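Novice: Chains as they are written, first to last, in the numbering used here: chain A, 1 to 388; chain V, 389 to 680.
No lab work stands behind these hints, which were simulated from the structure alone.
Note that the coordinates shown come from a computational prediction; the quantities given were computed from them, not determined experimentally.
Any given hint might turn out to be false.
Covered stretches of chain V, as calculated for chain A (at least 3 residues, CB under 8 Å) [as the list claims (entries may be wrong)]:
no., stretch
1, 467-479
2, 495-508
3, 609-619
Covered stretches of chain A (chain V as the covering partner; in silico rule of three or more C-beta atoms under 8 Å from a C-beta of chain V) [as the list claims (entries may be wrong)]:
no., stretch
4, 166-173
5, 178-185
6, 189-203
7, 350-356
8, 361-369
In silico lysine to any residue, SDA-like type, Cα no more than 20 Å apart, as pairs [unchecked claim]:
no., chain 1, residue 1, chain 2, residue 2
9, V, 477, A, 373
10, V, 477, A, 258
11, V, 476, A, 362
12, V, 476, A, 366
13, V, 477, A, 366
14, V, 477, A, 171
Yeah, the Cβ is synthetic: ideal placement off N, Cα and C, and Gly gets one too.
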Amino acid sequence: MSAANLESKSRVPAARRTAAHLRSVARRTWIPATVSVVLTLATMATTANAGFALIAGVVAAFLTSRVLGTGPQSALVGIALAGAVDAPFAYSAFNLTQILVLAIGAWGLVILGGQTGQISVAQGPFVGVGAYTTAVLSARFGVPLLATIPAAVVIGAIAGLLIGIPSSRLRGIYQVITTLAVAVSFPTLLLAIGDPVGGSTGIAMPEPFQAAQVGSVSLDPTQVMYFFALACALVVWVALSRIIKSRHGTAMRAVRQNEVVAAVNGISVSHYRITSFVLSAACAGLAGSISAMSVGAVSPDSFGMLYSIQFLVAVAVGGADSLMGGLLGAIAVFWLTTSFSGIPIGGVQVSNEVAYGLVIILALVVLEGGLWGAVSGVVESRWPKRAT
Amino acid sequence: MLLLQDVVSALGAGAVYALVALALVIVFRATGVVNFAAGEIATFTTFVAWELLADVGLGFWLTLVIVVGFSALVGVVIYLFIMHPALKKPEFVIVMLTFGLFELFNGLSNTFWDPSPRSFPAPVEGPPIVIGSIFITQESIVDGAIAILIMLLLMAIFRYTKLGLGFRATTDNRFAAEVVGIRPWQMYAAGWAMATAMGGVGGMMLANMLGLSASMMGNVLVFALVAVIIGGLESPLGAVVGGLLIAVVAAVFSSLSFIGTDLATPLMLVIVIIVLLVRPSGLFGQRKAGLL
Numbered sequence: 001m002s003a004a005n006l007e008s009k010s011r012v013p014a015a016r017r018t019a020a021h022l023r024s025v026a027r028r029t030w031i032p033a034t035v036s037v038v039l040t041l042a043t044m045a046t047t048a049n050a051g052f053a054l055i056a057g058v059v060a061a062f063l064t065s066r067v068l069g070t071g072p073q074s075a076l077v078g079i080a081l082a083g084a085v086d087a088p089f090a091y092s093a094f095n096l097t098q099i100l101v102l103a104i105g106a107w108g109l110v111i112l113g114g115q116t117g118q119i120s121v122a123q124g125p126f127v128g129v130g131a132y133t134t135a136v137l138s139a140r141f142g143v144p145l146l147a148t149i150p151a152a153v154v155i156g157a158i159a160g161l162l163i164g165i166p167s168s169r170l171r172g173i174y175q176v177i178t179t180l181a182v183a184v185s186f187p188t189l190l191l192a193i194g195d196p197v198g199g200s201t202g203i204a205m206p207e208p209f210q211a212a213q214v215g216s217v218s219l220d221p222t223q224v225m226y227f228f229a230l231a232c233a234l235v236v237w238v239a240l241s242r243i244i245k246s247r248h249g250t251a252m253r254a255v256r257q258n259e260v261v262a263a264v265n266g267i268s269v270s271h272y273r274i275t276s277f278v279l280s281a282a283c284a285g286l287a288g289s290i291s292a293m294s295v296g297a298v299s300p301d302s303f304g305m306l307y308s309i310q311f312l313v314a315v316a317v318g319g320a321d322s323l324m325g326g327l328l329g330a331i332a333v334f335w336l337t338t339s340f341s342g343i344p345i346g347g348v349q350v351s352n353e354v355a356y357g358l359v360i361i362l363a364l365v366v367l368e369g370g371l372w373g374a375v376s377g378v379v380e381s382r383w384p385k386r387a388t
Numbered sequence: 389m390l391l392l393q394d395v396v397s398a399l400g401a402g403a404v405y406a407l408v409a410l411a412l413v414i415v416f417r418a419t420g421v422v423n424f425a426a427g428e429i430a431t432f433t434t435f436v437a438w439e440l441l442a443d444v445g446l447g448f449w450l451t452l453v454i455v456v457g458f459s460a461l462v463g464v465v466i467y468l469f470i471m472h473p474a475l476k477k478p479e480f481v482i483v484m485l486t487f488g489l490f491e492l493f494n495g496l497s498n499t500f501w502d503p504s505p506r507s508f509p510a511p512v513e514g515p516p517i518v519i520g521s522i523f524i525t526q527e528s529i530v531d532g533a534i535a536i537l538i539m540l541l542l543m544a545i546f547r548y549t550k551l552g553l554g555f556r557a558t559t560d561n562r563f564a565a566e567v568v569g570i571r572p573w574q575m576y577a578a579g580w581a582m583a584t585a586m587g588g589v590g591g592m593m594l595a596n597m598l599g600l601s602a603s604m605m606g607n608v609l610v611f612a613l614v615a616v617i618i619g620g621l622e623s624p625l626g627a628v629v630g631g632l633l634i635a636v637v638a639a640v641f642s643s644l645s646f647i648g649t650d651l652a653t654p655l656m657l658v659i660v661i662i663v664l665l666v667r668p669s670g671l672f673g674q675r676k677a678g679l680l
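With the rest of the complex left out, here is chain A (with noise of 0.2 Å):
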């Protein structure tokens, strides 16, 4: 009896003793990610030199995470971080603005493909509903262009439950046809609307930035307009991997699983569904507000089937199940279509769409969990996650 006793009060302090040491690497995480950040712009701002920006927060992530022992992945965030705070100095701000725009709206789909296994191919009108409410608050009604952007968040979530409510209820193929319907109403039913929207042309906005100087750098308008773009993209990143990692996340992915089981755990499916796909709508009306902020335009055309098919491609290549997949799948959706024009083979310029195609095609046969999950498989099987 007293052997036991002894045995289980010695056990519980040790058990605590590894939970609270857990708790406090998982509290450092943001650290590495942090200091690499503060010195690639610190680095920038004294140097105006990208490379040596881009060396710096790349050092400072590797040895942060080697020191706080925070682990690999840690590393890997402030790494990213540190190249997603310098290449604005180094490509087209613009292009990477649309890339954040792209990953965006995909971090939507993330939501409700990779989570609860809904398939929306509404994706590309959600992002329009938020970008023609950012163009008609500002054009229409004079409201400051920053400002109408929670507008355009909570009606895109609006336009997501009025479509959600009905298409949530539909499985598969039947839900994909459902949500292609509304991708393909969408540009003429705002042709139809007319003049309020702008019809067949569009609204078009002012630049909402001016350019500023920094220490030694000078940012031009559309660089601005990248940094406020990856702050609103960081805030979505640390709010929807919240949610993936909460309760809500569990549950989405039960009903993703097994929607029976789920059911009879007591997890409303139904709630569920439609809650993830406000989300994902919500974000795509953040995406889209970005999106006409920095093209400085919006034209009906641009948010049909075609603009839909991009965000899903986005998931399906880089990987439904994380947010990591829907940015590597966001970045190579835009280097897919815009990087080549015509790609001369025996004498004829192959369209891009070809490369596109194919690219989606290889990817899914050959990919197991898109571009992400084929990276993290090897950094899985490298360094294998130790208890500590």
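Based on these hints, arrange chain V on the given structure of chain A.
Specialist: Below, chain V without anything else, positioned relative to chain A:
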């Protein structure tokens, strides 16, 4: 009377919608895939037909036969190399594969041919036929007749040939069919071949009516999907009736002044959503669809 003229003119397009809808149903019954690329594949084969007619100088009927063969071959290749290995993958992957094919074939059409519309030769030339105050062009009669003939031919293949029996057996009970020596993949490949061949014919008919362009099939696919939902994804007869019905409804909607052409498509898609929610198996379907 103007309305009646619109309805009669719409029936020609309706025959094409029915043809494409039937192709969708055959592929869905065989492999459980809704081929969203059906329209783009048909556009591509129609461009090949145009090449044969305009550059090589073949006759219309010979071209039709060649295009049927070529489309069937395209269907078999797509099935064997892309769809067959993926059939056991999640539905999302299969849907995305058809969207990938959509982009691929749209890209191929845009690569080899100028995307601007061009006229496509008619099977027959002649003055329009006048019945009362209704005009019917001879070509639209022939186009409609070809579409209906193809559909009848297909029904006959399903009903009276050994291939059709095998196909029906495989879709009805795959394992029982395998036991009696039918190879399912052959039947599925045949299903895809028939479907793309029908799409090829439908593309030629439609190009004759509306002019050939890379985006020609965009609306047709939507209308065919609407037809399929109304008729039931499982029902060939439903697809044909749905295709004709949807063309007439679209014509009526467009001619009503308070709806107009702009709102006709969204309105029909609202009908689709209502049909899916109220009667997901469609008017002619039996099996319960994906509504839980």
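Novice: Now tell me, hint by hint, if it's right for this structure.
Specialist: Evaluation of the provided hints:
Coverage of the stretch 467-479 of chain V by chain A holds in this model, with 5 residues showing a Cβ closer than 8 Å to a Cβ of that chain against a need of three. Counting residues of the stretch 495-508 of chain V whose beta carbon lies closer than 8 Å to any beta carbon of chain A gives 5, which meets the minimum of three for the stated coverage. For a cut-off of 8 Å, the count of residues in the stretch 609-619 of chain V with a CB near a CB of chain A stands at 4, and the three-residue condition holds. A count of 7 residues in the stretch 166-173 of chain A with a Cβ less than 8 Å from any Cβ of chain V is obtained; the coverage claim is therefore met, three being the minimum.
Using a Cβ-Cβ cut-off of 8 Å, 6 residues of the stretch 178-185 of chain A lie near chain V, which meets the minimum of three, so the contact claim holds. Note: the stretch 189-203 of chain A has 3 residues with beta-carbon separation from chain V under 8 Å; the three-residue rule is met and the coverage holds. With a cut-off of 8 Å between beta carbons, the stretch 350-356 of chain A has 7 residues touching chain V; three or more are needed, and the interface restraint holds. Look at the stretch 361-369 of chain A against chain V: 3 of its residues bring a Cβ nearer than 8 Å to a Cβ of that chain, three or more, so the hint holds.
Between the alpha carbons of residue 477 of chain V and residue 373 of chain A the distance comes to roughly 16 Å, so the proposed pair stays at or under 20 Å and holds. Under the criterion of a C-alpha separation no larger than 20 Å, the hint pairing residue 477 of chain V with residue 258 of chain A is consistent with the structure, at around 17 Å. Of the supplied pair hints, the one linking residue 476 of chain V and residue 362 of chain A holds, its CA atoms being roughly 16 Å apart against a limit of 20 Å. At most 20 Å may separate the alpha-carbon atoms for a hinted pair to count; residue 476 of chain V and residue 366 of chain A meet this at roughly 14 Å.
Under the criterion of a C-alpha separation no larger than 20 Å, the hint pairing residue 477 of chain V with residue 366 of chain A is consistent with the structure, at around 12 Å. Restraint check for residue 477 of chain V and residue 171 of chain A: satisfied, since their Cα atoms lie roughly 16 Å apart, inside the 20 Å limit.
The earlier numbered hints are all upheld by this structure, with none contradicted.
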